[in-house]
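Chemist: Listed below are the residues making up each chain.
There are 2 protein chains.
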Amino acid sequence: MDVAIIGASMTDFGQRDAWIRELLAEAGARCLDDAGVDPGEVDHLYVSNMASGEFEGQTGVMNALVADLGLAPAYAARIDQTSASGGAGTYAAWQSVASGASDATLLVGGEKMTHRTTGEATDVIASLTHPVEYKHGVTLPSFAGLAARHYLERYDAPRRSLAAVAVKNHRHGVDNPHAQFRKEISVETVLDSPIVADPLRLYDFCPITDGSAALLFCPADVAGEYADEYAVISGVAGATDTHVVHEREDPTTMRAVVDSGRDAFEMADRDPSEVDVAELHDMFTILELLQMEGLGFADPGRAWEQVEEGRTTRGGDLPINTSGGLKSKGHPLGATGVAQVYEIYRQVTGTAGPRQVPADVGLACNVGGFGNCVTTTIVEAR
Amino acid sequence: MDVAIIGASMTDFGQRDAWIRELLAEAGARCLDDAGVDPGEVDHLYVSNMASGEFEGQTGVMNALVADLGLAPAYAARIDQTSASGGAGTYAAWQSVASGASDATLLVGGEKMTHRTTGEATDVIASLTHPVEYKHGVTLPSFAGLAARHYLERYDAPRRSLAAVAVKNHRHGVDNPHAQFRKEISVETVLDSPIVADPLRLYDFCPITDGSAALLFCPADVAGEYADEYAVISGVAGATDTHVVHEREDPTTMRAVVDSGRDAFEMADRDPSEVDVAELHDMFTILELLQMEGLGFADPGRAWEQVEEGRTTRGGDLPINTSGGLKSKGHPLGATGVAQVYEIYRQVTGTAGPRQVPADVGLACNVGGFGNCVTTTIVEAR
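These protein sequences, in sequence, are chains A and B.
Here the first sequence is numbered in the working numbering, starting from 22 and rising by one per residue.
Here the second sequence is numbered in the working numbering, starting from 22 and rising by one per residue.
Just so you know, not all the hints are guaranteed correct.
The list cannot tell twin chains apart, which means a pair is met if one copy fits it or any two copies do.
As the list claims (entries may be wrong) - Pairs of lysine to aspartate or glutamate, DMTMM-like flavour, derived with a Cα cap of 25 Å:
#1 Lys204 x Glu330
#2 Lys156 x Glu75
#3 Lys156 x Glu43
#4 Lys204 x Asp33
#5 Lys204 x Glu77
#6 Lys156 x Asp219
#7 Lys156 x Glu77
#8 Lys204 x Glu401
#9 Lys156 x Asp38
#10 Lys156 x Glu295
#11 Lys156 x Asp89
#12 Lys156 x Asp271
Read the hints as simulated data drawn from the structure, not as lab findings.
Extracted from the complex, chain A is given alone in its bound form (with noise of 0.2 Å):
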């Protein structure tokens, strides 16, 4: 059975003076309201949220939501993937309506981290690597520098390349609305920035975000019915690597992103070619290039070419992170999977507004840990 998106909506991002309860019953009220569906209609319920109970002592948000937004007696459930926990939410809520599970399905993601320190939300996310690797004091941004100086030395890429993905990103995060940062960068920014792991600094990262966002899947056979403009989901899989990251064969393959990558291809019948525009985890700038070149959209080594020559900046070949990405955007875990499937949406259905760009087919690779476990979906118009 296809399976439609008729509604979509997402919360400002950014540092929000609201709990996770409250977030999520924005995004999942909005949602309902673009679509134009009733509480009452909603059969099943996905939040896509990594750690409430760890950043805010507060379980059971699934429940809550189901309160919040009226939507008894639908049945709720939280699904978490660690930061691609909004990928994975998709993905299930694709299974509840393919399914026949549910005619209406609404997926949720948010989480809430800028009432804790930047050190403390980083422990918690630190808290799904390999024990060893935790006890080392081997952080995600930790593998990132090691990745990003790999890459660097073995392709003989400039180091400003990497910064290029950051100043690309932040300028298309201007005309997003619910960014948490809308202002540009320029290379000298990221390169005159306080280093975190070396070759990597500050603005090679995404900042700690709260936030949420939201889409509703419902059989497409009956999407006419709701809305005019809508998308289906003509690919998506989920794929995991090693838990360890020092046991992978190559430190510049990311394995995750290109086993789920091609099952969603093989799946949408499509091939790298045909997709119009991406959004992709840039939770540091060294990870834009190598999901690139997993999915197929550059060559082993060659992304940061494609990207100094700007053809993934909008009017370009492949515009990516038409949204500003994780990196202006900001990287609230649970929602930002669903963010990615935001952006497409509304790319695909021509209602992006500024950000707009000539769309038919868009692909969303969210990624957990450091490739870990990733989830790649392809949306196209309908």
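With chain A held as given, fit chain B onto it using these hints.
Modeler: This is chain B only, laid out in the frame that chain A set:
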């Protein structure tokens, strides 16, 4: 598409000298072994777990389990519905196969709790309640006490009928090699135990437990290739009740039990009289009675008579909790719903050993919070 269960396992429940990761791997490996399925054949993995982050500071357990079982590149996600996480995992696994996304889905539920004090564990569980309830100190045991008092007074039921639930489940648990407490108790044991939440006493409550359980799902039309003995999920549905308990119209009606049960029976084209064996969520003795009534196994206010008359014990009309239930077997949150379906699978495939009762149709009802979220699953022999 009909979905079959072709393998099942559970670890010993109790105080275990093993972390969550080890418990999940133990159940998962045994389940694959039980089904005779190679790890490389698994497409999807779901892990049912409420709070490994809060209990152990370890997240990403689904990715770790992919590594420990050699499942890569299988897709993996964690699903949480508080103490009903195992039921939600069963529903998610059903959806993953029924949607065509996976030809073999492994579900592993587990929780590691006993390294924390009872107070700490109760506090983690209480974090699922509404913050107003939580701040007033209303934990789940106190709700159970209020509901029990209301039930006893409203229906003129004797206090000893609640104790009879515990006595029956302890008797059943003696024959379960994996149960935490394999010892018979008497009505007096319950009535003489310390008060926890009047009128409920210590022996009306399930213990804090470590443990894990697993199930392997595939399309029913290929199940015969894997297993001589298998079962199909003929019905599965979930529902959500109010988040704030005092908003409920009737304190002895578990609305989400009623709703999920009705939907599961409708999907299975069965009625309550056709059920041969059931696993109910006896976190507190009173809950077993309320679920019997909510599912249509007894009229409102009359379930206690069936228990007192011995009709829900082995050899009775409808044996309930042949596994020993949460009371005797233990209640490792994320494992419980999976272990319930494990027991039903054993019963309907005639592999329950000394616990065997005549059964073609079985039902499992997994309850989250104080009935906040419920999943009901009907499993039948094929």
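Chemist: State for each hint whether it applies.
Modeler: Hint by hint, here is what the structure shows:
{"no.": "1", "hint": "Lys204 x Glu330", "result": "within (21 Å within a copy, 74 Å between copies)"}
{"no.": "2", "hint": "Lys156 x Glu75", "result": "both (19 Å within a copy, 18 Å between copies)"}
{"no.": "3", "hint": "Lys156 x Glu43", "result": "between (35 Å within a copy, 18 Å between copies)"}
{"no.": "4", "hint": "Lys204 x Asp33", "result": "within (15 Å within a copy, 57 Å between copies)"}
{"no.": "5", "hint": "Lys204 x Glu77", "result": "neither (30 Å within a copy, 40 Å between copies)"}
{"no.": "6", "hint": "Lys156 x Asp219", "result": "within (20 Å within a copy, 45 Å between copies)"}
{"no.": "7", "hint": "Lys156 x Glu77", "result": "both (24 Å within a copy, 14 Å between copies)"}
{"no.": "8", "hint": "Lys204 x Glu401", "result": "neither (30 Å within a copy, 60 Å between copies)"}
{"no.": "9", "hint": "Lys156 x Asp38", "result": "between (33 Å within a copy, 21 Å between copies)"}
{"no.": "10", "hint": "Lys156 x Glu295", "result": "neither (44 Å within a copy, 54 Å between copies)"}
{"no.": "11", "hint": "Lys156 x Asp89", "result": "between (40 Å within a copy, 19 Å between copies)"}
{"no.": "12", "hint": "Lys156 x Asp271", "result": "within (23 Å within a copy, 50 Å between copies)"}
In terms of the numbered hints stated before, the structure departs from hints 5, 8, 10, listed from lowest to highest.
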